[in-house]
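Chemist: Chain F is fixed; fit chains S, D and R onto it per the hints.
From first to last, the protein sequence lines are chains F, S, D and R.
Note that our numbering has the first sequence beginning at 1, numbered continuously upward.
Note that our numbering has the second sequence beginning at 1, numbered continuously upward.
Note that our numbering has the third sequence beginning at 1, numbered continuously upward.
Note that our numbering has the fourth sequence beginning at 1, numbered continuously upward.
Worth double-checking, as some hints may not be accurate.
Stated by the list, open to error - As a list, the in silico DSS-like pairs of lysine-lysine whose alpha-carbon atoms are at most 25 angstroms apart:
| # | chain 1 | residue 1 | chain 2 | residue 2 |
| --- | --- | --- | --- | --- |
| 1 | D | 184 | D | 170 |
| 2 | S | 170 | F | 230 |
| 3 | D | 232 | R | 232 |
| 4 | D | 230 | R | 70 |
| 5 | S | 230 | F | 170 |
| 6 | R | 100 | R | 70 |
| 7 | R | 70 | D | 170 |
| 8 | D | 170 | R | 232 |
| 9 | D | 100 | D | 335 |
| 10 | D | 170 | R | 230 |
| 11 | R | 184 | R | 232 |
| 12 | F | 100 | F | 335 |
| 13 | S | 19 | F | 170 |
| 14 | R | 170 | D | 232 |
| 15 | F | 232 | S | 232 |
| 16 | S | 232 | F | 170 |
| 17 | F | 232 | S | 170 |
Source of the hints: derived by calculation from the structure; they are not laboratory data.
Protein chains: 4
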Amino acid sequence: MKPGAGVLPMGSGREELRKALLQTPLQDLTLDEVVERVGETLRVLEKAGGFSVRYLSRAAEILLEALRSKCWLLLSFPANIIATGLRGLLADLIRGGYVKAVVTTGGTFDHDIARSLGGLYYVGDFELDDVMLHEIGVHRLGNVLVPSESYGSLVESFTHRLLEELIQVKETWSPSELAVEAGKRLTDRHSVLKACAESGTPVFAPGIVDSAFGTAVFTYNESARVSSGKRKVRLDVVEDMERLASIVYEAECLAGLMLGGGISKHHVIWWAQFRGGLDYAVAITSAPEWDGSLSGARTREAISWGKVKPSARHVTVPGDVTVLLPILVAGAIRKLREDSPPT
Amino acid sequence: MKPGAGVLPMGSGREELRKALLQTPLQDLTLDEVVERVGETLRVLEKAGGFSVRYLSRAAEILLEALRSKCWLLLSFPANIIATGLRGLLADLIRGGYVKAVVTTGGTFDHDIARSLGGLYYVGDFELDDVMLHEIGVHRLGNVLVPSESYGSLVESFTHRLLEELIQVKETWSPSELAVEAGKRLTDRHSVLKACAESGTPVFAPGIVDSAFGTAVFTYNESARVSSGKRKVRLDVVEDMERLASIVYEAECLAGLMLGGGISKHHVIWWAQFRGGLDYAVAITSAPEWDGSLSGARTREAISWGKVKPSARHVTVPGDVTVLLPILVAGAIRKLREDSPPT
Amino acid sequence: MKPGAGVLPMGSGREELRKALLQTPLQDLTLDEVVERVGETLRVLEKAGGFSVRYLSRAAEILLEALRSKCWLLLSFPANIIATGLRGLLADLIRGGYVKAVVTTGGTFDHDIARSLGGLYYVGDFELDDVMLHEIGVHRLGNVLVPSESYGSLVESFTHRLLEELIQVKETWSPSELAVEAGKRLTDRHSVLKACAESGTPVFAPGIVDSAFGTAVFTYNESARVSSGKRKVRLDVVEDMERLASIVYEAECLAGLMLGGGISKHHVIWWAQFRGGLDYAVAITSAPEWDGSLSGARTREAISWGKVKPSARHVTVPGDVTVLLPILVAGAIRKLREDSPPT
Amino acid sequence: MKPGAGVLPMGSGREELRKALLQTPLQDLTLDEVVERVGETLRVLEKAGGFSVRYLSRAAEILLEALRSKCWLLLSFPANIIATGLRGLLADLIRGGYVKAVVTTGGTFDHDIARSLGGLYYVGDFELDDVMLHEIGVHRLGNVLVPSESYGSLVESFTHRLLEELIQVKETWSPSELAVEAGKRLTDRHSVLKACAESGTPVFAPGIVDSAFGTAVFTYNESARVSSGKRKVRLDVVEDMERLASIVYEAECLAGLMLGGGISKHHVIWWAQFRGGLDYAVAITSAPEWDGSLSGARTREAISWGKVKPSARHVTVPGDVTVLLPILVAGAIRKLREDSPPT
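Pulled out of the complex, with its shape left as it was, chain F reads as follows (with noise of 0.2 angstroms):
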């Protein structure tokens, strides 16, 4: 039986069973890995005309068309992916002028902070003890591991410095503001926030608090009101609006490639309405339908509300975005390579 599986067994210590455990650290992926590697698995599946497949299929259509087009795109993500190698390509993507925005939520912050700062998440089971995951200070993330050490006091503690140096300029913050300023001090390369910042892409996180990088905006204005001579830091969610509004109003053509559901994928809906709509847009979820959920509502929910157009190339794909986003950008950017090849 495999660590953990069952109870804590006897006479395992601690440093015994962190070592069973944390053995295979996961890696983040390259854009170029995926499309040579994964390049041709689109097409395979999609000759034998199966089922999902469909869906994934359309999706690297209206990616590519939308591409082609040089249609804004908006990428919406939930922070799990980023506790995934799939950050690499989401950066890679970034970097290489794909993206004309990211919407996400605030453990996006901790995750691309704690692993840029070399905290290292393993390859783990859904199904191991969480009881003595937490004896052992190990936190799951579905089947990722999260050693404690990677995690919390790596965020809080660049958090706390982060607001120590911002605080000498102003007072008050946006959230974009704070993903740039994040993503300039921090140097992997396979940062989100750093490719971000690099290519003056902002990071929209409407619910930014919701996050150890947010719990450390407020416990570093709690020291600062015990200690004399410190000022708090202000957070503004509002001023974040305008410019995301200004993207939506100036975009001739916007698109977008919402992975999950959440804050994330309904901010990148909501705001696309004020303009008609997206010209262009693929999710991925595994949630269903019959619930009524934000996550579960297919693309063509939104044509109704009018934050997708009726005239728009739209696809709703069902599934796990692990499995399936590599696949789809594989496919979508080996064809748009094969458009203008490198010289």
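Modeler: Then chains S, D and R, alone, in the frame of chain F:
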């Protein structure tokens, strides 16, 4: 063929279509009718020993035990619930003193305000033609139909008037303060915001900007910018963390009833970790576990993070909240009332 | 920690574990108690206008209309339903004359015979340790616990005795004939086979060999082969097609109530095509549509095959039969009884 | 709007619609192209450590280990797989000697025969209008389009001719014997039945009557009844149990690769119990566990029944077979070929 199932029938005008579609307004439930009319359902289902019933049954036991032991209950839900008649049931639970705090999304403000101001929502279908709905000004939220006049402008004008008043008092408001002020101005007894305001139950909405309400703050400020003499409202999302922290730190016992996933669910368990986790945790979700989404994560996973106590009673119930919650609440509250029958 | 949640606790013997686990026998429901105690639940859920409730509500309307118009009802279900207390509810529906024919799997024979002969099944958990359960002789069917003595040998010895008698009559038997003979020999009023035998409702089980019952036919024949003087029983699965065909051809109106998927569901719609399709179709399934499985296929798909009429009323209800069926049946039968109240 | 998305457009005839819809015939995959073109995909996905990938990765390891250790492999699948290009991939696996026996449904006979005789199936959409499809004689199987001329009459006339020949030899045939005879008469190299016949791989179909093939046996017998001089074919489904039993009893090692659920999956694990269970078990399913369905049951559950060995390596992979199987097979077979590269 029912109206709207296909393309827009020739010769049928906008008004005929609206009349055909908007026939059955959905109605808010009350706790009393749910307990009285659904109260025995769970016992019958349990007797048969069937499958997901077992999770529901355990949820009712846990909720009952939490309530009996006067454990503070954090209630989280996404906005789609408030677009249904479960809104009235939740309002009654809040008014009845069962809930210590509410954690929700910005959309809850939207739907609660809109419906409290008389905006009617209607029973519809998932399969309706969204292009047709868009043409006749009806939004679709799953299978709930939201006529445009029942929603956007109601929320915006209410919020603008609210802010106009509030700016006279002070410049900076937290989401939970705004919830109180909104709730005080609503007269619908089924309003969640009103029930919270009356009972002193704070409403936390960390992602409040992602909504019509949040957008109305933005547009209010835009208009203030161009018209001299008006001042901008500032949203302080950090301050609410202090308020939520104080509840969490003071709680001798803390329970979570988490309907659906997303930022609301995460915020409850996130803050619970700072006191060593929830003592009782009940989650209802339709999301699968296997894609690592927060929405699909089982309560068990939270133990590894210290967000649910290792000793906690906890359960994740798979399914649709709109089917399961009335059965769960009826089962638990019925038993609770049997403890101390009204004299 | 509850028994069996982890590995087998040291020092606890087989009997202690069995005692700890096998505490709550599940019980069969009756139609009367379901109608009486659950009868108002659907109306309350409908009022709130929530999400998957709408499918359930339509299912109740369709079932009611089919019953009111004396449409012949084909009822299909897989065997797991018969391992729960829904067995009694189905038996009462059959006995009450609501069902024209049953289509099911071989496992239905197994669980109905085992439970009718006094084999107790217990309320359990999905999360129990299956290695431990195997060691103590308890089978797990979802979260229903089946002690080995409540199952295999009960079915085998009953079937062997049955065949011993039947071989005196003739050599070749169809599954529907075997169902009658088995049902006639059972005395449990909650038995589906008994209810079918008593009411003259045929039971079709095209895949009957895939079961303990089917295997007992095989082992009976094996023993007949080695012992002189015994003759082999022959199973004629083709003959039942004639019987099913005659029902389908004679039906002036044909309805299907399909619980779950698989061969039982398929057999109903397959045969319905030879008369131009079902007039009414209600399916309940937890399977998603997107992988092209028959279990997940919506009733709509069957129209393209001529298995459901283009003019039919039909609906696919997403969710768990053990939660939904009592609510559906209670809702429909309650209204039906209001048509002609007992005098 | 694409043809058929709404109601039948005025003025467009049956042939125009068929032409518009039936444009892309799906094609069978070969093992070689899958290994060559998809072979690196699993490694890339694994590297990222993402979510359901981990199950797929374990499945590839288990399949590889089973094949390396010459463990006998039982392959089960429902008929919808054979309506896609995965048919060719399975045929190649069978022809390559990787499979000891096949367990499937009657529909596999239908689609394999129809497609082997030149019946073309087409890439389609789940969302097409089924009433329209019915009117133009196109069946929809998920999003695979089956023109009526590619299916029913092809299967029926082939089967009638087959039976006409077989009745000259003997009266009683088991499903596995019929599979051999059908396979011997097909010339399509992508045919699963042909591959099985050529390689001596038995095909078990316990529910064979539930199909067009099974119905053709019935109609053959009906015509024999009315026309003097013809004899009826008898189907012996009990005999195949002996054949399957002998494989199971003789196996020194037994593995199961179960695609989808239903009777095919159940028959594999059911028979495995009589030798103490499977040594290796890989299942792919889209069905959830929580409703107690066999299709959704995890391989773990089978341990409690003795259908999978307590010591077995086993995994249930959540998702769509048509996406996952090529990636799984490519990953495993590629490594297997590296063991002993062709010289």
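Chemist: It remains to establish, for every hint, whether it holds in the given structure.
Modeler: Structure-based check of all given hints:
This hinted pair checks out: residue 184 (chain D) and residue 170 (chain D) have alpha carbons roughly 17 angstroms apart, not beyond 25 angstroms. Between residue 170 (chain S) and residue 230 (chain F), the direct Cα distance comes to roughly 24 angstroms. Compliance with the 25 angstroms bound is thereby established for this hinted pair. Restraint check for residue 232 (chain D) and residue 232 (chain R): satisfied, since their Cα atoms lie roughly 20 angstroms apart, inside the 25 angstroms limit. For the hint pairing residue 230 (chain D) with residue 70 (chain R), the CA-to-CA distance comes to about 40 angstroms; that exceeds 25 angstroms, so the pair is violated.
Distance restraint check for residue 230 (chain S) and residue 170 (chain F): the Cα-Cα separation of roughly 24 angstroms lies within the 25 angstroms cut-off, and the hinted pair is therefore satisfied. Taken as a hint, the residue 100 (chain R) and residue 70 (chain R) pair is honoured in the structure, with Cα atoms around 10 angstroms apart against an allowance of 25 angstroms. With a C-alpha separation of about 45 angstroms, the suggested pair residue 70 (chain R) and residue 170 (chain D) falls outside the 25 angstroms cut-off, and the hint is violated. A C-alpha spacing of about 19 angstroms is found between residue 170 (chain D) and residue 232 (chain R), which places the hinted pair at or below 25 angstroms, so the restraint holds.
A distance of roughly 20 angstroms separates the Cα atoms of residue 100 (chain D) and residue 335 (chain D); the hinted pair therefore holds under the 25 angstroms criterion. Distance check on the hinted pair: residue 170 (chain D) and residue 230 (chain R) sit about 24 angstroms apart at the alpha-carbon level, within 25 angstroms; holds. Between the alpha carbons of residue 184 (chain R) and residue 232 (chain R) the distance comes to roughly 22 angstroms, so the proposed pair stays at or under 25 angstroms and holds. Distance check on the hinted pair: residue 100 (chain F) and residue 335 (chain F) sit about 20 angstroms apart at the alpha-carbon level, within 25 angstroms; holds.
With a C-alpha separation of about 55 angstroms, the suggested pairing of residue 19 (chain S) with residue 170 (chain F) is violated against the 25 angstroms cut-off. About 19 angstroms separates the Cα atoms of residue 170 (chain R) and residue 232 (chain D), which keeps this hinted pair within 25 angstroms; it holds. For the hint pairing residue 232 (chain F) with residue 232 (chain S), the CA-to-CA distance comes to about 20 angstroms; that is within 25 angstroms, so the pair holds. Restraint check: the Cα-Cα separation between residue 232 (chain S) and residue 170 (chain F) comes to about 19 angstroms, which is no more than 25 angstroms; the hinted pair holds.
A distance of roughly 19 angstroms separates the Cα atoms of residue 232 (chain F) and residue 170 (chain S); the hinted pair therefore holds under the 25 angstroms criterion.
Hints 4, 7 and 13 from the list above are not met by this structure, while the remaining hints are.
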